[in-house]
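J.: Here's the letter readout for the chains.
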Amino acid sequence: MKGDAPVVLVGTDTKELLPLIFEYGDRVRQVHFHGELKNVFVLREFFQGTVKVFTDSKEEIIRNSVELKEKKFFICPAFPVEKREDISFITSMGIAVDLLYRVEDTAPGVIREILRYYLHHPSLVIPVEPFHSILMAKVRDRKINLWGLYSMIPDLVFSVVGEGKLGNDFYRTSMEWKNSDNGLKEYFESIPKRHPGCMACDQFYFCFSWAKYKRDACELWKRILDHLQVNAREIRNVMAKSARGVDKTL
Amino acid sequence: MNHLTVIVKPTNRCNANCLYCSAWHPVEEGQTHTMDLETLEILFERVDDWVTHSKQSKAIKFIWHGGEPTLMPLDFFNRVIALQANLEKKHGPRLRMENNIQTNLLFLEKEKLDMLKVLLARDGNGKKSTIGTSYEPLPGVRVLKRGSYNREWERSIALLKENDFPFGIVYVVHKRSIRHIDRVVEIFLEKFPGIGIRFNPLYREGKAAESECESLYITPLEWGDFLVRLYRIWEGLDKKPGWQPLKEVDDFHMKKKSRVCCDHAGRCAVTHLGIDTDGGVYSCGRGIDRKYKSFGNIREKKISEILRSPSRMEMMNRSSFLENTFCRECKWWRYCHGGCPMDAAIANENDIFKRSNFCISRNRFLNTVYGEPVQ
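Protein chains in written order, with the working numbering: chain A, 1 to 250; chain B, 1001 to 1375.
It should be emphasised that the hints constitute simulated quantities derived from the structure, not laboratory data.
All C-beta atoms in this analysis are idealised placements derived from N, C-alpha and C, irrespective of residue type, glycine included.
Any given hint might turn out to be false.
Here are the simulated EDC-like pairs of lysine to aspartate or glutamate, each with C-alpha atoms no more than 20 Å apart in a straight line [unchecked claim]:
hint, chain 1, residue 1, chain 2, residue 2
1, B, 1293, A, 4
2, A, 193, B, 1349
3, B, 1145, B, 1186
4, A, 185, B, 1323
5, A, 193, B, 1323
6, B, 1331, A, 189
7, A, 138, B, 1323
8, B, 1331, A, 86
9, B, 1055, A, 189
10, A, 193, B, 1278
11, A, 143, B, 1349
12, A, 185, B, 1329
13, A, 185, B, 1351
14, B, 1302, A, 202
15, B, 1117, B, 1088
16, A, 143, B, 1351
A short list of chain B residues far from chain A (calculated; beta carbon distances all over 12 Å) [unchecked claim]:
hint, residue
17, 1278
18, 1315
19, 1316
20, 1357
Construct all of the structure, not just a fragment, from the sequences and the given hints.
T.: Pasting the structure below:
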């Protein structure tokens, strides 16, 4: 394992995760918790970074809503997202949502609804990921891409507690992720030959052929990225006008 | 404001016969050699349309290139001047245009000089844009079909000086320049002490790709070593002249400037276009020379359509591709951005999604001179 590479810890049991949090220290970028929701809270005492909680129980979310909100955990729905309300019921309790691992399993119409909700709902004050990160990156010209959002970059290490492999659909891979250098570098370098159309895509810099990796979700991601791009441009225009003192409403 | 540099080649013809000409093409039947006035007018109609239908103001720098652009009849450039004046009158501050020219200066006459005074005038403040020209102090490389190249060129330089034209020089570095670097530098310092000089490596394009030119080829490592030696001379000078790419890299390293030149900035596809004699649009002058994936033709497409062309998008994506792949581990990324796409195309059978062969040169130069990049 690389000595200074960032680490994403993935596990179901806090007893197994905590020693790794101590071992890796500042290298831990995120913790993904796939266990029973009520057990996750102890992590906050020892790790202040991003914790993503994967759960298929809406009841558990509601039951633990106060603590989830206070401890600033992200909920990653492991249940099918079939309508906007499957997301908005979480944000209405002040809990952040990360739909990243569900995007490609969700109907385009539902994604569109959730996007509209995130962008335009007047009372929404909590981020809906990955849309929020993408929008902000586009507004501020931040250099991130979908691989980065999925924490799948060549020099990043997934440390998986338990069976030792990521065998579920969330990570779009069943390969062992002791070190994600495995295969990704070759995939990246082969993109111009493997997916020549990607090289002429105006969202390539943001997607980097993620949407063609393992399965083809190109059309869906293109729509999401284009939609957020238009909104980011609008926000930038308003910000520019505001900076010039043209728009006094801001 | 949108800034765009448009390199226009109004003609392929040339009155010189330089051994390493990169713009030279074998004559093909039906090939246009000179831009006609209709194509020129369409070009400015397209500019008009682009400005009219855009929310943003535009600043366009035209670089008249070739071939030898001064071989074009005076009428051609007088038409350029008139068309630009009309557009500036129509669009006011929403459109700023300026002209530069890259010329061998051979056989410069008074009429052409008078035309250049108007063409290169900037904002009516009496200042003129810099004329780009090329010079070779070593004999037998830049040659005329008849007569002495350098004698003719120096006559024109004297005329430029008399008429207060600022000028800069491109010098193509080849095998013999490396052998005679001290002599070359001495001549430049003696004859052109305050003049900006851009040192470019010989690249295998046009006539330079032919076997006759092989004896002039330099390796990437030789180019890197040349830059190191040149830098050592340059840094020892009391008043450092504007020798490129040394000065721009040094300014970047010393944080005096935030950007390097087009071939190292990684944004050339965003900032540049090249227009060939027949209206074909490419990435830049070098894209025209290579005929690398046209973005379309100005006679058939609007500028907004050309800017959205898949070929241009490919060029724009090169930088983010390299940054995440072949150049991922390179500490000099911000100094280079993968280099000129056309250098990569020459070295890799038109595959621009590879590093250019001059990556070795840049590493040699930057590692030797600076050691570590500035943070």
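J.: Are the hints correct? Go through all of them and say.
T.: Hints, verified against the model:
Between the alpha carbons of residue 1293(B) and residue 4(A) the distance comes to roughly 42 Å, so the proposed pair goes past 20 Å and is violated. Between residue 193(A) and residue 1349(B) the CA atoms are separated by roughly 14 Å; this keeps the pair inside 20 Å, and the hint holds. For the given pair, residue 1145(B) sits about 28 Å from residue 1186(B) by alpha-carbon distance, which is inconsistent with the 20 Å threshold. Note on residue 185(A) and residue 1323(B): the hinted pairing holds, with a Cα-Cα distance of about 12 Å set against a maximum of 20 Å.
Distance hint between residue 193(A) and residue 1323(B) is fulfilled; the C-alpha atoms sit about 17 Å from each other, no more than 20 Å. Note on residue 1331(B) and residue 189(A): the hinted pairing holds, with a Cα-Cα distance of about 19 Å set against a maximum of 20 Å. For the proposed pair residue 138(A) and residue 1323(B), the alpha carbon gap of about 18 Å is at most 20 Å, so the pair holds. With a CA separation close to 46 Å, the supplied pair residue 1331(B) and residue 86(A) exceeds the 20 Å bound.
Of the supplied pair hints, the one linking residue 1055(B) and residue 189(A) is violated, its CA atoms being roughly 38 Å apart against a limit of 20 Å. Proposed proximity of residue 193(A) and residue 1278(B) is contradicted: the alpha carbons are some 31 Å apart, above 20 Å. For a cut-off of 20 Å, the pair hint linking residue 143(A) to residue 1349(B) is broken: about 30 Å separates their Cα positions. With a C-alpha separation of about 12 Å, the suggested pairing of residue 185(A) with residue 1329(B) holds against the 20 Å cut-off.
About 19 Å separates the Cα atoms of residue 185(A) and residue 1351(B), which keeps this hinted pair within 20 Å; it holds. A hinted pair counts as satisfied when its Cα atoms are at most 20 Å apart, and residue 1302(B) with residue 202(A) qualifies at roughly 19 Å. For the hint pairing residue 1117(B) with residue 1088(B), the CA-to-CA distance comes to about 18 Å; that is within 20 Å, so the pair holds. Straight-line distance between C-alpha atoms of residue 143(A) and residue 1351(B) comes to about 25 Å, which puts the hinted pair past the 20 Å bound.
The non-interface label for residue 1278(B) is consistent with chain A: the shortest C-beta to C-beta separation is roughly 24 Å, beyond 12 Å. For residue 1315(B), the requirement that its beta carbon stay farther than 12 Å from each beta carbon of chain A is not met, with the minimum near 9 Å. With a closest Cβ-Cβ approach of about 8 Å to chain A, residue 1316(B) is found to fall inside the 12 Å limit, against its non-interface label. Listed as a non-interface residue, residue 1357(B) keeps its Cβ farther than 12 Å from every Cβ of chain A; the least gap is roughly 18 Å.
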